[in-house]
Amino acid sequence: MVAPATTPVRGEVEAPGRGPAAKSWPAWLVVVPFLLYVGTFLVYPTVLVLAGAFQDPNGAFTLENLVALGRGAYLQAFLRSVELSALTALLGAVLGALLSWAVTSGKSEGLLRRVVVAGSGVLAQFGGVPLAFAFLATVGFQGFVTRFLRDRFGIDLFAGGAWLFELPGLTLVYTFFQIPLMVIVFLPALDGLRPQWREAADSLGGTSWTYWRHVGGPILLPSFLGALLLLFANAFSAYATAAALVSQGSPIVPLQIRGALTGEVLLGQENLGKALGLGMVVVVGVAMGLYALLQRRFARWQ
Amino acid sequence: MAVRVVRSLVLTLLGVFFLLPLFAMAEFSTRGANGTRSLESWSGIVSDRDLVEAILASVQLAATSSLVVLVLLVPTMAWIRLRLPKLRRLVEFLCLLPITIPAIVLVVGMAPLYAWVSYFLGDSPLTLTFAYAVLVLPFAYRAIDAGLSAIDLKTLAEAARSLGASWGTVLLRIVVPNIRTALIGASLLSVALVLGEFTIASLLNFDTLQVRVNLLGKRNAGVSIAVSLLSLLFAFVLLFLLSFVGRRRRDTVAEEG
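Order-wise, the sequence lines are chains A and B.
The first sequence begins at 1 in our numbering and counts up one residue at a time.
The second sequence begins at 1 in our numbering and counts up one residue at a time.
Calculated from the structure, these hints are not laboratory results.
Watch out, some of these pointers could steer you wrong.
[As the list claims (entries may be wrong)] What follows is a set of in silico ranges between Cβ atoms, one per label pair, in the way DEER data are often shown:
hint, chain 1, residue 1, chain 2, residue 2, range
1, B, N34, A, T104, 14 to 22 Å
2, B, R89, A, V286, 20 to 28 Å
3, A, L167, B, F240, 31 to 39 Å
4, A, G263, B, L172, 20 to 28 Å
5, A, R71, B, F17, 22 to 30 Å
6, B, F244, A, W28, 32 to 40 Å
Cβ coordinates follow ideal geometry from the N, Cα and C atoms, glycine included.
Looking at chain A on its own, in the form it has when it is part of the complex (with noise of 0.2 Å):
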């Protein structure tokens, strides 16, 4: 689950008239219980994962682990999370930037923008399970497009295959939950073009091409490759929708984990479900990285 991050807030004010904090140490214990919840539920489990996908099951150092990640089924899942990832992020990316367009050129505070605004909060961050169920009963075996297409035309979805259960299942279905939480992280920034500039551009001779070409673009652009950034730590950390849709066979990396916990590794590999949670924190941590750069490169367009 990704949110789309705020800018940081710069330089903190001390409050005037008062001394140096750490004089009062009474006043670090207000922050002891939130430390200590985060350090045991949060903080806790992560090392257990990184520092697991360096142990054998004994405990002991070993590079096993992620040796083995680069073998294989769990290579070749990983390779696939990402195309998948990377082709939702673009996808969902494009699509969800007209849409956003769309929308904020109609009338501001409308019941269209408000609805299109809701609506993608919930697909985007609170789909999972049902957004499976969505597509089962759509075009599943039994689903609605699938029958009317049978019926009225005779053309047969699942002539090339289970493909819903597949990757391009999940390809449309990613797509499905993309394209809001782009709606979500992209609308603040087309918000942020002032009309003006437009007049401006439009009093100057200029076309709607030129304006978009010179102006609107290239203040989007960052805007819109952190977008990218964020779509693809999305669609590369989902699990839920995937699990509920795939119950057989374990095409990309989460699933993968799901067989590992689930017991289906082989001896001495235990940790190996660590060594894929590990790969699966980097790639989101890379991606999440290139995000808060460039927001703090651009921020001050925005």
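Following the hints, position chain B against chain A.
For chain B alone, kept in the frame of chain A given last:
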């Protein structure tokens, strides 16, 4: 004019793409025998005891998780703004960390931890609260952070302190009422997130709404699809309400500025 045509085209095509599955869910879940319509799948929701129990568990989890995350975050974040600005970066980092650690990875590390949790607290689904409070941290953090940024916390707190209020009073009677819209926002997001959560619950073997829906789908797709549609609509209503809460907050900020 061309712009208007393109705009309607985009809206129509994407509108169909997004509404068709929802319509199909409604159609599928009202199918009866031999091409008739029936509400059997929908009444099946209430008559399935396990499902009702799972729904109740999820609703309770939504309440406990949003409560825990608010109780954890509000005093900490207010206190850090008032007295420990040095810690702000660390707390922000910790709160946003779950974005970079996918839930499917987190659950790998949580599995051994939950062996201990169930040893001490039993295996009620409510113990998932611990994991869910972590999952909703980033969302709650951002909402509360925005709320705290919108008020002059230092002046308010100093005024209250100089009138003899204790820190507890400052928190409960100054901070909380002033950021109430942010708190409502944070809770609505948490509730929606917890009701939709599947990854952690299913891999730690707890029976929550989404886990039950997924399981049920294997033998009775109609009921699963009905519940799915219902939960999507419910989340939509929550977020739709949220859009009004957020707006009111912006208005007050504008008035103050």
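Checked hints:
1. Checked against the given bound of 14 to 22 Å, the beta carbons of N34/B and T104/A, roughly 48 Å apart, lie outside it.
2. Distance hint for R89/B and V286/A: a CB-CB separation of about 21 Å, consistent with the stated range 20 to 28 Å.
3. Between L167/A and F240/B the CB atoms are about 34 Å apart, so this pair conforms to the stated range of 31 to 39 Å.
4. For G263/A paired with L172/B, a C-beta distance near 49 Å fails the hint of 20 to 28 Å.
5. In this structure the supplied range 22 to 30 Å is violated for R71/A paired with F17/B, their Cβ-Cβ distance being about 39 Å.
6. Range check, F244/B to W28/A: Cβ separation about 39 Å, and the 32 to 40 Å hint holds.
Hints 1, 4, 5 from the earlier list are contradicted by this structure; the remaining hints agree with it.
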